[in-house]
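Asks: For the sequence shown, my numbering assigns the number 553 to the initial residue and increments by one for each residue that follows.
Heads up, some of the hints might be wrong.
Lysine-lysine pairs mimicking DSSO-like chemistry, simulated, CA-CA at most 30 Å apart [unchecked claim]:
1. Lys622 to Lys677
2. Lys622 to Lys604
3. Lys677 to Lys604
What follows is a set of in silico ranges between Cβ atoms, one per label pair, in the way DEER data are often shown [claimed, not checked]:
4. Gly606 to Gly662: 12 to 22 Å
5. Ala678 to Gly591: 30 to 40 Å
6. Val605 to Gly662: 28 to 38 Å
7. Ser617 to Ala678: 33 to 43 Å
8. Asn624 to Glu663: 19 to 29 Å
9. Ala678 to Gly616: 21 to 31 Å
10. Ala678 to Ile590: 29 to 39 Å
11. Ser666 to Glu638: 18 to 28 Å
12. Pro634 to Tyr668: 13 to 23 Å
13. Ile576 to Trp597: 13 to 23 Å
14. Gln625 to Glu663: 18 to 28 Å
Calculated directly from the structure, the hints in this document are not laboratory data. We put the CB at the ideal spot given by N, CA and C, even for glycine.
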Amino acid sequence: MAFYNHIMVILTISVVVLLPTVIIATEYVVGDGSGWTIGYDYQAWANTKQFKVGDTIVFNYPKGSHNVFKVNQSSFVDCVIPPPSEAYTSGHDVLALSTPGKTWYICGVGEHCSEYQQKVAINTKAC
553 MAFYNHIMVI LTISVVVLLP TVIIATEYVV GDGSGWTIGY DYQAWANTKQ
603 FKVGDTIVFN YPKGSHNVFK VNQSSFVDCV IPPPSEAYTS GHDVLALSTP
653 GKTWYICGVG EHCSEYQQKV AINTKAC
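Could you build all of it, start to finish, from the sequences and the hints given here?
Replies: Structure, rendered in structure tokens:
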């Protein structure tokens with residue numbers, strides 16, 4: 553019986569410790585109702601959010617009209633897609649923010665990044 557009580561205490565503590573992590577995770581739609589498109593100030597949008605490890609960001613756009621590349625800072629500044637890079641192209645790309653720090657995303661279609669600033673830098677904080 554004492555063993556059972558010990559196991560129950562450990563399980564209860566585990567749930568109490570892990571539950572807040574699950575509850576506080578937030579899903580952010582990049583650009584809110586505008587989605588992932590040209591002519592939107594994504595940096596102003598990102599500056600109003602408090603991203604945390606465990607959150608997700610969602611890029612919504614008509615499939616085929618845009619894409620999403622995760623790039624490094626210099627590629628973000630220059631709007632260059634470094635090889636090898638894989639595009640997200642589903643039109644509903646859900647990306648997990650799994651580590652603290654900055655991550656950079658750009659659209660690789662035509663001049664969407666360089667001419668229309670279709671790019672966003674996300675600063676993720678540790679929980």
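Asks: Could you run down the list of hints and mark each one as holding or not?
Replies: These are the hints, each one checked on the structure:
Between the alpha carbons of Lys622 and Lys677 the distance comes to roughly 18 Å, so the proposed pair stays at or under 30 Å and holds. Only pairs whose Cα atoms come within 30 Å are accepted, and Lys622 paired with Lys604 is accepted, the gap being roughly 18 Å. Distance restraint check for Lys677 and Lys604: the Cα-Cα separation of roughly 5 Å lies within the 30 Å cut-off, and the hinted pair is therefore satisfied. Gly606 and Gly662 have their C-beta atoms about 34 Å apart, which leaves the hinted 12 to 22 Å range violated.
Evaluation of the 30 to 40 Å hint for Ala678 and Gly591 yields a pass: the beta carbon distance comes to about 33 Å. Range check, Val605 to Gly662: about 33 Å between beta-carbon atoms, so the 28 to 38 Å window is met. The hinted range of 33 to 43 Å is satisfied by Ser617 and Ala678, whose Cβ atoms lie roughly 35 Å apart. Take Asn624 and Glu663: their Cβ atoms lie about 20 Å apart, and the range 19 to 29 Å holds.
Taken as a hint, the range 21 to 31 Å is violated for the pair Ala678 and Gly616, whose Cβ atoms sit roughly 37 Å apart. Taking the beta carbon of each, Ala678 and Ile590 are about 33 Å apart, inside 29 to 39 Å as hinted. For Ser666 paired with Glu638, a C-beta distance near 20 Å keeps the hint of 18 to 28 Å intact. Hint check: Pro634 to Tyr668, Cβ distance near 20 Å, so the stated range 13 to 23 Å holds.
Take Ile576 and Trp597: their Cβ atoms lie about 21 Å apart, and the range 13 to 23 Å holds. In this structure the hint that Gln625 and Glu663 lie 18 to 28 Å apart at CB holds, the actual value being about 20 Å.
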